[in-house]
Amino acid sequence: MTSAGSGLTLLQTCALSLLVFTGASQFALVGALAAGGNPFTAAAGAFFLGVRNAFYGLRLSQLLALPRAVRPFAAQWVIDETTAVTLAQPTRRAARLGFTVTGASLYVLWNLTTFLGALGAKALGDTDAWGLDAAGPAVFLALLAPMLKTATERAVAALAVLLGLGLLPVLPAGVPVLAAALAAPAVLYLTGRRASVARDDVRDVPDPQDVRDVRGDDR
Amino acid sequence: MNIWIAVAVTAVGCYAVKLAGLLVPAGVLERPLVRRLAALLPVALLAALTAQQTFGDGHTLVLNARAAGLGAAAVALVLRAPFLVVVAAAVLVTAGVRALGG
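These protein sequences, in sequence, are chains W and Z. So that you can map any letter, position 218 of the first sequence is 226 in the working numbering, and since no number is skipped, the others follow by simple counting. So that you can map any letter, position 4 of the second sequence is 10 in the working numbering, and since no number is skipped, the others follow by simple counting.
Bear in mind the hints are in silico, worked out from the structure with no lab data behind them. Owing to the predicted nature of the structure, the values given are computational and were not obtained by experimental measurement. Worth double-checking, as some hints may not be accurate.
[Stated by the list, open to error] Straight-line C-alpha distance at most 25 Å; calculated SDA-like pairs for lysine to any residue: (1) W:Lys157 / Z:Arg37; (2) W:Lys157 / Z:Val30; (3) W:Lys157 / W:Ala203; (4) W:Lys157 / Z:Val40; (5) W:Lys157 / Z:Arg41; (6) W:Lys157 / Z:Asn70; (7) W:Lys157 / Z:Pro88.
[Unchecked claim] A short, non-exhaustive set of chain W residues, derived as facing chain Z with CB atoms under 7 Å: (8) Leu37; (9) Asn61; (10) Glu89; (11) Ala92; (12) Ala159; (13) Ala163; (14) Gly174.
[What the hints assert, rightly or not] Footprint (simulated), chain W over chain Z, 3 or more residues, beta carbon under 8 Å: (15) 15-26; (16) 43-56; (17) 59-67; (18) 71-81; (19) 88-98.
All C-beta atoms in this analysis are idealised placements derived from N, C-alpha and C, irrespective of residue type, glycine included.
With these hints in hand, go ahead and build the complete structure from the sequences.
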């Protein structure tokens with residue numbers, strides 16, 4: 009729905025959902041295109057949001073122990089939800105079942121709602137009058153909020169907002185977002201320097217769950 | 007046409023990283039620095055995109071009904087509302103403010 013409101017055709021919206029199938033990246037791509045970004049910078053932003061799926065894949069490949077031939081097909085379903093369900097299963101059999109069922113049902117539902125949403129947005133006409141232009145940033149905010157767990161993440165977010173808004177009037181469309189991404193290495197560098205003095209490794213690790221998982225593998 | 011390029015590049019890139027996770031030996035991506043950077047990059051990108059889509063209009067910064075909508079979404083998030091309620095709050099408040107002439 010958001011995407012139909014920002015200039016993509018019905019076909020483009022559905023192709024995006026079918027082919028990309030990772031919500032945050034889809035919204036990011038659409039958002040960057042709506043903001044007038046060129047296709048490559050838009051795709052770069054979406055790509056970075058999809059990078060976390062690689063980390064999910066790492067965990068899942070150990071849990072599922074899939075044959076190599078099956079992996080290219082399973083890969084498309086490596087997303088937040090399937091990982092959450094799979095990690096919660098006690099046995100490998102249950103993990104495989106959980107991954108397949110969650111992946112298949114989400115894939116169907118997600119693409120169906122995309123199609124209906126795009127049709128609906130078309131029927132609505134001027135999406136701005138309905139406030140739908142606020143849906144994009146609200147989705148980002150909802151995705152962002154659970155990530156802001158420590159001071160490090162909040163500092164990155166604050167710096168990125170400043171860079172993104174500050175550079176918006178002066179740089180070509182799409183570039184300010186990429187420049188704002190530099191907030192991540194910048195803050196990491198600064199906290200790294202401080203951490204090397206204070207020697208406090210745990211504080212900077214983003215997700216306590218991940219830490220436990222990694223240590224669990226050291227058996 | 008440009009949009010198709012963006013869709014294709016994103017699809018290939020996102021599929022590649024998903025597959026990479028399943029194929030790459032664990033050691034490469036599990037280096038602490040790579041992990042932390044990968045966790046922080048989405049934070050930076052999402053924060054910048056949120057701000058730009060709320061306050062940006064082309065190359066100018068604006069303060070309009072969207073800001074009120076985002077405020078509503080923020081309140082909903084603080085109240086731990088479900089995802090759809092958060093988005094609905096933003097949409098409804100934005101539309102409401104606009105209808106009142108905001």
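Here's how the hints hold up against the structure:
1. Among the hinted pairs, W:Lys157 with Z:Arg37 is consistent with the structure: their alpha-carbon atoms are about 21 Å apart, no more than 25 Å.
2. With a CA separation close to 28 Å, the supplied pair W:Lys157 and Z:Val30 exceeds the 25 Å bound.
3. As the CA atoms of W:Lys157 and W:Ala203 are separated by approximately 18 Å, the hinted pair is consistent with the 25 Å bound.
4. A distance of roughly 19 Å separates the Cα atoms of W:Lys157 and Z:Val40; the hinted pair therefore holds under the 25 Å criterion.
5. For the proposed pair W:Lys157 and Z:Arg41, the alpha carbon gap of about 16 Å is at most 25 Å, so the pair holds.
6. Simply put, W:Lys157 and Z:Asn70 have alpha-carbon atoms about 29 Å apart, too far for the 25 Å limit, and the pair is violated.
7. Taken as a hint, the W:Lys157 and Z:Pro88 pair is honoured in the structure, with Cα atoms around 18 Å apart against an allowance of 25 Å.
8. Evaluation of the W:Leu37 hint against chain Z yields a held restraint, the C-beta minimum of about 5 Å falling below 7 Å.
9. Hint status for W:Asn61: holds, given a least beta-carbon distance of 5 Å to chain Z, under 7 Å.
10. Here the hint on W:Glu89 is broken, as its CB sits about 12 Å from the closest CB of chain Z, past 7 Å.
11. Against a cut-off of 7 Å between C-beta atoms, the interface hint on W:Ala92 is violated, since the closest Cβ of chain Z lies about 14 Å away.
12. Because the closest C-beta pair between W:Ala159 and chain Z is about 12 Å apart, greater than 7 Å, the hint is violated.
13. Among the interface hints, the one on W:Ala163 is violated; its C-beta lies about 10 Å from the nearest C-beta in chain Z, farther than the 7 Å criterion.
14. Hint status for W:Gly174 relative to chain Z: violated, with the closest Cβ pair at about 9 Å, above 7 Å.
15. For the segment 15-26 of chain Z, the stated coverage by chain W holds: 10 residues have a C-beta nearer than 8 Å to a C-beta of that chain, and at least 3 were required.
16. Counting residues of the segment 43-56 of chain Z whose beta-carbon sits less than 8 Å from any beta-carbon of chain W gives 14, enough to reach three: the coverage restraint holds.
17. Coverage of the segment 59-67 of chain Z by chain W holds [criterion: at least 3 residues with CB-CB distance below 8 Å; count 8].
18. Beta-carbon proximity to chain W at under 8 Å applies to 6 residues in the segment 71-81 of chain Z; the threshold of 3 is reached and the given coverage holds.
19. With a cut-off of 8 Å between beta carbons, the segment 88-98 of chain Z has 7 residues touching chain W; three or more are needed, and the interface restraint holds.
Comparing the model with each numbered hint stated earlier shows that hints 2, 6, 10, 11, 12, 13, 14 do not hold.
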